[in-house]
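Going line by line, the protein sequences match chains A and B.
With this note's numbering as the guide, the letters of the first sequence map in order to residues 2 to 160.
With this note's numbering as the guide, the letters of the second sequence map in order to residues 2 to 160.
Note that these hints are calculated values from the structure, not bench results.
Among these hints, one or two may not hold up.
No more than 25 Å apart at the CA atoms, straight line, and that leaves these computed lysine to any residue pairs for SDA-like [what the hints assert, rightly or not]:
#1 B:Lys85 with A:Lys116
#2 B:Lys110 with A:Glu36
#3 A:Lys116 with B:Glu159
#4 A:Lys116 with B:Trp20
#5 A:Lys110 with B:Trp20
#6 B:Lys116 with A:Leu17
#7 B:Lys110 with A:His23
#8 A:Lys110 with B:Gly22
#9 A:Lys77 with B:His156
#10 B:Lys116 with A:Thr12
#11 A:Lys110 with B:His156
#12 B:Lys110 with A:Gln112
#13 A:Lys110 with B:Lys116
#14 B:Lys110 with A:Lys116
2 protein chains.
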Amino acid sequence: MNTTESNPVITSEDLLMHWQGHRGLTRRLIEAFPEKEFFTFNIGGMRTCSALMQELIAIAVPGLRQIAMSSTEELKEHLNYTSKAEFLARWDEDTKEINRLWALIPDEKFQERIKTFGQYEGTIWSSIFYFVDNEIHHRAQAYVYLRALGIEPPHFWER
Amino acid sequence: MNTTESNPVITSEDLLMHWQGHRGLTRRLIEAFPEKEFFTFNIGGMRTCSALMQELIAIAVPGLRQIAMSSTEELKEHLNYTSKAEFLARWDEDTKEINRLWALIPDEKFQERIKTFGQYEGTIWSSIFYFVDNEIHHRAQAYVYLRALGIEPPHFWER
Numbered sequence: 002m003n004t005t006e007s008n009p010v011i012t013s014e015d016l017l018m019h020w021q022g023h024r025g026l027t028r029r030l031i032e033a034f035p036e037k038e039f040f041t042f043n044i045g046g047m048r049t050c051s052a053l054m055q056e057l058i059a060i061a062v063p064g065l066r067q068i069a070m071s072s073t074e075e076l077k078e079h080l081n082y083t084s085k086a087e088f089l090a091r092w093d094e095d096t097k098e099i100n101r102l103w104a105l106i107p108d109e110k111f112q113e114r115i116k117t118f119g120q121y122e123g124t125i126w127s128s129i130f131y132f133v134d135n136e137i138h139h140r141a142q143a144y145v146y147l148r149a150l151g152i153e154p155p156h157f158w159e160r
Numbered sequence: 002m003n004t005t006e007s008n009p010v011i012t013s014e015d016l017l018m019h020w021q022g023h024r025g026l027t028r029r030l031i032e033a034f035p036e037k038e039f040f041t042f043n044i045g046g047m048r049t050c051s052a053l054m055q056e057l058i059a060i061a062v063p064g065l066r067q068i069a070m071s072s073t074e075e076l077k078e079h080l081n082y083t084s085k086a087e088f089l090a091r092w093d094e095d096t097k098e099i100n101r102l103w104a105l106i107p108d109e110k111f112q113e114r115i116k117t118f119g120q121y122e123g124t125i126w127s128s129i130f131y132f133v134d135n136e137i138h139h140r141a142q143a144y145v146y147l148r149a150l151g152i153e154p155p156h157f158w159e160r
């Protein structure tokens, strides 16, 4: 681990705010989705919006917990939620838990390596970037679902 | 601008490699798209894949040039390309140009502020993150188009 006198590209706080900004947008996407179609609508054999959002929930806090605690957990995607309200309540709990866990990660840890969920190897920073990128990716797919349903999604650039 | 003795969350080189990894995936998405549908297919009144990729091209090099050169350019989205081959050739040129421009950005610049395309204000790092996030967002929409066309997209996790 090199300690260098430098100007950071981004700070730990920047990266947390960036992720939470994306999470706020994803929350608005969930809110915008019609209740029934959230659990039933898909395109081209893809997963429903609820299944995509389950994946994001399965990754965010459990992934960050492994980073903060240097622990290992299995990926568990199945939730028994049957309403958007349950997703939104969980989303808000997780937003707070992400802030709590983030504070436990010292700066020097971001360049260390980890194997999340017992199988995905990389640096800490690249693991966190993967969580965020994967959220952007699946949320964008839900944007297409909303457009196909004739509903205007929230603006991508509003965080 | 604070100069701190610290371990960076990510280095400038990390961020370039991260973006270029995403660009490689977007290139494979363009390759996977059928020629005719690239210019004609859409869902829910959204733009075609060629229009989405035009936007990415309009942002990447011109945006980074403004960052590297501290210059201002207008956003010009219109390209007269009529084949995927022209998009792919431009993509490859831009990949090299991004590497060239990136080398001109000193580390201390990432926390400075800029107004790209004369209108989008933020830090340099957040502007670059926006370019990458916007690429992930629109590429994911093209993933749904491909699935709707019965074609399996490239794996999201392969960079």
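Evaluated hints:
For the proposed pair Lys85 (chain B) and Lys116 (chain A), the alpha carbon gap of about 38 Å is over 25 Å, so the pair is violated. The hinted pair formed by Lys110 (chain B) and Glu36 (chain A) fails the criterion: a straight-line CA distance of about 45 Å is larger than 25 Å. The hinted pair formed by Lys116 (chain A) and Glu159 (chain B) meets the criterion: a straight-line CA distance of about 17 Å does not exceed 25 Å. With a CA separation close to 22 Å, the supplied pair Lys116 (chain A) and Trp20 (chain B) stays within the 25 Å bound.
A threshold of 25 Å between alpha carbons decides the hint, and for Lys110 (chain A) with Trp20 (chain B) the separation of about 22 Å falls inside it, so the pair holds. With a C-alpha separation of about 23 Å, the suggested pair Lys116 (chain B) and Leu17 (chain A) falls inside the 25 Å cut-off, and the hint holds. Our distance criterion of 25 Å between C-alpha atoms is met by Lys110 (chain B) and His23 (chain A), whose separation comes to about 24 Å. Of the supplied pair hints, the one linking Lys110 (chain A) and Gly22 (chain B) holds, its CA atoms being roughly 23 Å apart against a limit of 25 Å.
In summary, the hint linking Lys77 (chain A) to His156 (chain B) is supported, as the alpha carbons are separated by about 21 Å, within the 25 Å threshold. For the hint pairing Lys116 (chain B) with Thr12 (chain A), the CA-to-CA distance comes to about 21 Å; that is within 25 Å, so the pair holds. With a CA separation close to 28 Å, the supplied pair Lys110 (chain A) and His156 (chain B) exceeds the 25 Å bound. Restraint check for Lys110 (chain B) and Gln112 (chain A): satisfied, since their Cα atoms lie roughly 21 Å apart, inside the 25 Å limit.
At roughly 32 Å between alpha-carbon atoms, Lys110 (chain A) and Lys116 (chain B) are farther apart than 25 Å, so this suggested pair is violated. Distance restraint check for Lys110 (chain B) and Lys116 (chain A): the Cα-Cα separation of roughly 32 Å exceeds the 25 Å cut-off, and the hinted pair is therefore not satisfied.
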